[in-house]
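Participant: This is what each chain is made of:
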Amino acid sequence: MAQLSNGHLLNAIQDKFGNAILGAEEPNGLLTLNINPEKLLELVRFLYNHEEFRFQFLTDICGAHFPDQKGAELASIYHLHSLENNMRIRIKCFLSADHPFVDSLTPVFSAANWQERETFDFYGIIFNGHPNLKRILNVDEMDYHPLRKEYPLEDQTRTDKNDSYFGR
Amino acid sequence: MEENRILAEDKKEYTTLNLGPTHPATHGIFQNVLTMDGEIIVDSEQTVGYIHRAFEKIAEHRPYYQITPLTDRLNYCSSPINNMGWHMTVEKLLGVQTPKRVDYMRVIIMELARIADHLVCNSVIGVDTGALTGFTYVFQWREKIYDIYESICGARLTTNIGRIGGMERDFTPEVIASIRSFLKEFPAVFDEFCRLLERNRIFMDRIVGTGAISAERALNYGFTGPNLRAAGVDYDVRVMNPYSSYQDFDFIIPVGTNGDTYDRFMVRQEEIRQSLRIIEQALNNLPEGKFFADVPEFFLPPKEEVYNNMEALIWHFKIVMGETDVPVGEVYHSVEGGNGELGYYLISDGGRAPFRLHFRRPCFIYYQAFPEMIKGSTLSDAIVVMSSMNVIAGELDA
Numbered sequence: 076m077a078q079l080s081n082g083h084l085l086n087a088i089q090d091k092f093g094n095a096i097l098g099a100e101e102p103n104g105l106l107t108l109n110i111n112p113e114k115l116l117e118l119v120r121f122l123y124n125h126e127e128f129r130f131q132f133l134t135d136i137c138g139a140h141f142p143d144q145k146g147a148e149l150a151s152i153y154h155l156h157s158l159e160n161n162m163r164i165r166i167k168c169f170l171s172a173d174h175p176f177v178d179s180l181t182p183v184f185s186a187a188n189w190q191e192r193e194t195f196d197f198y199g200i201i202f203n204g205h206p207n208l209k210r211i212l213n214v215d216e217m218d219y220h221p222l223r224k225e226y227p228l229e230d231q232t233r234t235d236k237n238d239s240y241f242g243r
Numbered sequence: 121m122e123e124n125r126i127l128a129e130d131k132k133e134y135t136t137l138n139l140g141p142t143h144p145a146t147h148g149i150f151q152n153v154l155t156m157d158g159e160i161i162v163d164s165e166q167t168v169g170y171i172h173r174a175f176e177k178i179a180e181h182r183p184y185y186q187i188t189p190l191t192d193r194l195n196y197c198s199s200p201i202n203n204m205g206w207h208m209t210v211e212k213l214l215g216v217q218t219p220k221r222v223d224y225m226r227v228i229i230m231e232l233a234r235i236a237d238h239l240v241c242n243s244v245i246g247v248d249t250g251a252l253t254g255f256t257y258v259f260q261w262r263e264k265i266y267d268i269y270e271s272i273c274g275a276r277l278t279t280n281i282g283r284i285g286g287m288e289r290d291f292t293p294e295v296i297a298s299i300r301s302f303l304k305e306f307p308a309v310f311d312e313f314c315r316l317l318e319r320n321r322i323f324m325d326r327i328v329g330t331g332a333i334s335a336e337r338a339l340n341y342g343f344t345g346p347n348l349r350a351a352g353v354d355y356d357v358r359v360m361n362p363y364s365s366y367q368d369f370d371f372i373i374p375v376g377t378n379g380d381t382y383d384r385f386m387v388r389q390e391e392i393r394q395s396l397r398i399i400e401q402a403l404n405n406l407p408e409g410k411f412f413a414d415v416p417e418f419f420l421p422p423k424e425e426v427y428n429n430m431e432a433l434i435w436h437f438k439i440v441m442g443e444t445d446v447p448v449g450e451v452y453h454s455v456e457g458g459n460g461e462l463g464y465y466l467i468s469d470g471g472r473a474p475f476r477l478h479f480r481r482p483c484f485i486y487y488q489a490f491p492e493m494i495k496g497s498t499l500s501d502a503i504v505v506m507s508s509m510n511v512i513a514g515e516l517d518a
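Each protein sequence line maps, in turn, to chains E and Z. Just so we're aligned, residue 76 is where the first sequence starts under my numbering, counting upward by one. Just so we're aligned, residue 121 is where the second sequence starts under my numbering, counting upward by one.
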């Protein structure tokens, strides 16, 4: 079977989704799409059910926080893998911190359950349609999302350490 | 998952049983709240995160070489694989090509780690079914693997082995000799371990058919590693996306058919044999050459030069203080860890520390299938299923 190329895959997705694709790049050869969050579930279903692509393995879901991008501070990042074509794709949804809603992938992948809970726990991204969206690694009483950049690593009232000598 | 919940429509009275968080049979800090009908599990819910140490947050504040010790503490049964995976991720971001000798040295260490990991997991399945003998017997050989780590890098459990760009030092003749003697003596011991368990009627009666999962469900749950292969899917990162020159070696990927505890056990058993083959090939064909790539920004210069050469001293200082900026980029790299695809997703904004680093921890992803796998089985089966899944608390909670 001929190796599926990024260009071919991108053309097929662009034909189907057109304006919903907000950007595409290939860092280190891995096709990375920036997609309108409203179309995420539809795109994942398309990739899952497509006869040729068959992206039926969810490798990873994680979040990221870009405080400088106003209106698109949060990102929900997905890695899908087509085991038959041995090809990966990365999908990013940028969300505003005021309205961090994106569709849950749990209807397609059972594996999404805990990974979305983890992303919610650390970044506060709300996954619509998730069956049990609550904190997973942190304590339930925590009232912030610790991996957002505004939360410092250590207690800032400490006086016994001066990190400025170390460029931190 | 909602569909896992059974509602008590039949007015039966169920018992709620807390298995864990600290229970000697769970080998780590896991809490399972089980709803029991007599001895049968009708529902369960896991609580994870008891040893969460915020590695992803810490990693955003540490220079790259200081993240290796964090990876040690993910799957601490096979820390060298985690270390190598991290070095390779950074090398991919930097665009560094490592010499063949480095690749082969890494393969030897990673396969030793895989043997150690699988030995622990498989012998613990024996312990949980009442066969302590095999465990005490092979643990002695895990210690020998740790001795080899110790002679390579000075540490045993949390190894911090290798450096970005290569290995910290070359294999000494003693290291080669100890690996050779391991290759010579271990197979006989392992055969005895196999004879003890593989066709043992009592052991088979206990684990054949327990905790079975179909290939479709396993893929949907994001299973990787021996657990996925036991269900019959031949996905192995070493073959699908070869790293560190794995394409040079001849080895077989064992697959199971039923995805039950026995298949998981047998897949690991065969992988130990294949790992021995790989180590032997790598050792026999170990290329001559340098044990590090040419990356002065990350690979420490030799000590003699640091004392006698200005440039080397400057590099040494910059590396130790973590003053080197890394190019802007985004990279996902995965290795076949002891229990599945261990992935590193790294976003660099050009600073001295990662902007974002996410660990794809295989057991965090597949442990969520546990309620589905133990539903309808007995409590004693649930214990065996859990140990056969090779869930490591350090990796689960990161």
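Since the hints were made in silico from the structure, they are not lab data. These numbers were taken from a predicted model, which means no experiment stands behind them. Take the hints with a grain of salt, since some may be wrong.
[To be verified] Residues from chain Z shown here face chain E by an in silico Cβ test under 7 Å; the list is partial: (1) LYS177; (2) HIS478; (3) GLN488.
C-beta: ideal position from N, C-alpha, C; glycine also.
Participant: Hint by hint, note whether the structure agrees.
Facilitator: Do the hints match the structure? See the list:
1. LYS177: 6 Å, holds
2. HIS478: 4 Å, holds
3. GLN488: Because about 5 Å separates GLN488(Z) from the closest Cβ in chain E, which is inside the 7 Å limit, the hint holds.
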